[in-house]
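**Q** This is what each chain is made of:
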Amino acid sequence: MAVSPLRAVLLAQLQATWNRMQREMGRQGAWALGLAMLVLSVFVALPLLLGSGIGGFALGRNLDTPAVPLVYGAIHTLLVVLGGALGGLLGRSQGVAQEGLRLFPIRPRTLFAANLAAGLGSLLPAVFTVILAGLHLGASLARPLAAPLFLLLFLAQALALLLLQALVGSLAESLARRLRVMLFLLGFLLWLGSLLPNFAMRNGHRPNLNAQMEALAGPLRLLAEALPATQAFQGVASLLAGHAAGLMRLAGPLLLLALLALLSLQRIRREAQAPEAATPTSSRDRRLWSFRTPVAGLARLHWQSMVGSPLGRFAFLVPVIAVVLVKGPLGRIPNPHLWALPAAVYYLNLTALQLQYNQFGLEGGGIKALMLLPLEGTALLEGRTWALLAHHGLQLLILTGLMAFVVPLRPGPVVASLAFGFLLFLGNTALGHLLSVRYPRPIARKGMKNSALPMVSTLSSMGFGMVSAGLLGGLYALLAWGAPMLLAPVFLALALLAAWSYRRWILPAAGRFLEAHREDLMQALG
Amino acid sequence: MNPAPALALQALRKQFGDKVAVDDLSLEVPAGSFLGLLGRNGAGKSTTLKMVTGLLKPTSGRIHILGIDLEADPVAVKRAIGVMPEDMALLEYLTGPQYLRFTGRMHGLEDAEIDRRTAELFETLDLVPAPGTLVADYSFGMKKKLALGAALLHGPRLLFLDEPFEGIDAVTSRTIKDLLTGLQRKGVTLVLTSHILEVVERLCPLIAILDEGRLLGYGPLEELRAREGSDNLEGLFLDLVGGARKGDLSWL
Chain A
1 MAVSPLRAVL LAQLQATWNR MQREMGRQGA WALGLAMLVL SVFVALPLLL GSGIGGFALG
61 RNLDTPAVPL VYGAIHTLLV VLGGALGGLL GRSQGVAQEG LRLFPIRPRT LFAANLAAGL
121 GSLLPAVFTV ILAGLHLGAS LARPLAAPLF LLLFLAQALA LLLLQALVGS LAESLARRLR
181 VMLFLLGFLL WLGSLLPNFA MRNGHRPNLN AQMEALAGPL RLLAEALPAT QAFQGVASLL
241 AGHAAGLMRL AGPLLLLALL ALLSLQRIRR EAQAPEAATP TSSRDRRLWS FRTPVAGLAR
301 LHWQSMVGSP LGRFAFLVPV IAVVLVKGPL GRIPNPHLWA LPAAVYYLNL TALQLQYNQF
361 GLEGGGIKAL MLLPLEGTAL LEGRTWALLA HHGLQLLILT GLMAFVVPLR PGPVVASLAF
421 GFLLFLGNTA LGHLLSVRYP RPIARKGMKN SALPMVSTLS SMGFGMVSAG LLGGLYALLA
481 WGAPMLLAPV FLALALLAAW SYRRWILPAA GRFLEAHRED LMQALG
Chain B
527 MNPAPALALQ ALRKQFGDKV AVDDLSLEVP AGSFLGLLGR NGAGKSTTLK MVTGLLKPTS
587 GRIHILGIDL EADPVAVKRA IGVMPEDMAL LEYLTGPQYL RFTGRMHGLE DAEIDRRTAE
647 LFETLDLVPA PGTLVADYSF GMKKKLALGA ALLHGPRLLF LDEPFEGIDA VTSRTIKDLL
707 TGLQRKGVTL VLTSHILEVV ERLCPLIAIL DEGRLLGYGP LEELRAREGS DNLEGLFLDL
767 VGGARKGDLS WL
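Line by line, the protein sequences give chains A and B. Letter by letter, the first sequence follows residues 1 to 526 of the working numbering. Letter by letter, the second sequence follows residues 527 to 778 of the working numbering.
Each hint should be verified, as a subset may be incorrect.
[Stated by the list, open to error] In the EDC-like style, the derived pairs of lysine to aspartate or glutamate whose C-alpha atoms are separated by at most 20 Å in a straight line are:
#1 B:545 - B:737
#2 B:712 - B:646
#3 B:703 - B:649
#4 A:368 - B:663
#5 B:669 - B:649
#6 A:368 - B:613
These are computed hints drawn from the structure, not numbers from a lab. All values reported here derive from a predicted model rather than from experimental measurement.
Please model the entire structure based on the sequences and the hints provided.
**A** Right under this line is the structure:
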């Protein structure tokens, strides 16, 4: 019997992912990484399943208590929305690019289904789906009679998460192309977020947290009541109590799911027919070639590549997202003047990794032209560092400027935070030199899909992120608490020392590494 | 009763913003023909091929392939045709046999049949990659051969080839030419674009010449030559699209 197109696409996806890992890391490396991932997933997935299972069991036992469906409805919605939105924004690595499948005689919905199923291969959606599975499994154990309903709800929520992931991924890509629209939308979100903490302000004075929570309780309760997941849990509770009307409450969420599916399918169809964007030429392109040294020319070229790509343009929206987070969900944490800017700087740094850890990805086939230039590896990398610094520096300036509107900032912590950002940047860029040379991957110039880092780079960035957060973040906190006047001088001194070390030792060493691995770059990208 | 033409275009138009890439293109290609589609860079050849293979939606106009309306049933059309795009559109992180297995499955073929055809295609095309070699690591010529193999695997009745002879050596070129001639003898309709006029002249009895998205000439090569009074295809092509001779470089 012939294999169905859906199965064929998924099998090819698996084969391509495995082949790619082997190509990047060698056969033994791929096996070792696969094994490590398996062990890690067992150690992470099992506790997650167990923990969420206990929570789900409590839900099942207390489903009759009116507040329980509300709380669990909110939790489930958060998991679905966060998993879908983050998965969509971060993009994923596609072993088989969906664009390459359009020549085959398959219907858009088959392609869509394959795309959705492959979405479970992304880390965050997979983790969130495991939590959802645990919650529903626990609830089913507490109420065996309702197990089929919980299974249905789990499938619906997992599907909603994957649909959201596809939809957000597609929208993020087209919005990154329309930077002004995105900035306007985020500006609106920022304004909306800034209203939240003032929600309970009365008579010009700020009431205490309890009073604010009480004031918010009414609207939040209404919101939680309206959530599809809450409606579904209330429906299950109603059915268990013997009221057939509970079925009606299940219909709403399922209809909403169908609507979401329709919307996502439409987006995929539109994407498939979208004409290729023409490359604009402007006076900026002419100015690109006015430089004094080869390194400056390389820096301008790389800067142009970055700001011309959706990934690089989207980076300028991240400061706005960071400010929304600080003003909205994190708005209740006290003393924002102490933590908000360094925390936002750290967040900003995390989102810049795709460009820092894959510094040649945007070149694609153009890597050959770069390698043919009569320049040493050090110059090639230095050009990249300047371009990345300009890109990240601009992000930091936007962030600081925006932050000044929402948090009272003082000069010392601002200087220290910017120096903290520079230290993180330099560390990531230096590590990124090596990983970009050894594990390069093409980055799409016309989209945000397929821009995920190789697993080795992801794990390295996580390791560096944890160490730097521990050491530099710890030092920042220590100085901010014990000797605030030393904050700026110490971090400035560290930044200068790091810049000197980079120039003196790290860059030449990375240049030699590049010389030794030119073939790897050419093979992977050329 | 005449059979339906293999390819029928009616007032086909494609516009990208202000730029008209294909303008009012109408033609009918009888089944079993071998059409050479010619034009300068940017003449609209690749856009036309993308539209007739369902990769681009026309701004207006209709496309019928083997009697099927492309807009009404694109999947049925894709089942009946084979396509070798200029960029080859291969899945680079599969091996050659994995890619052909995937292609065959997408066309609903049994795995055993796919493997049999794959072996025959590899033999005919002299494609001998080392086991486990990914498509990404194939040479350009090998990729061309693999793309052709994938386009032929399911036995299409109409084959579109976008620049199949670009960037390949003489031996590979000869292999592909022989294969295409054999296909035409078996009644497969072929549509080919190429900048190598000698190859088109030798292979394609039917010629269409596009310039700035418009059809400047269409018909059997002999008829077109007689009509324009040209000795060969190159003369005919230059007569129709223009192109003045340029002088030497000043510094050489």
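**Q** Against which earlier hints does the structure fall short, listed by number upward?
**A** none
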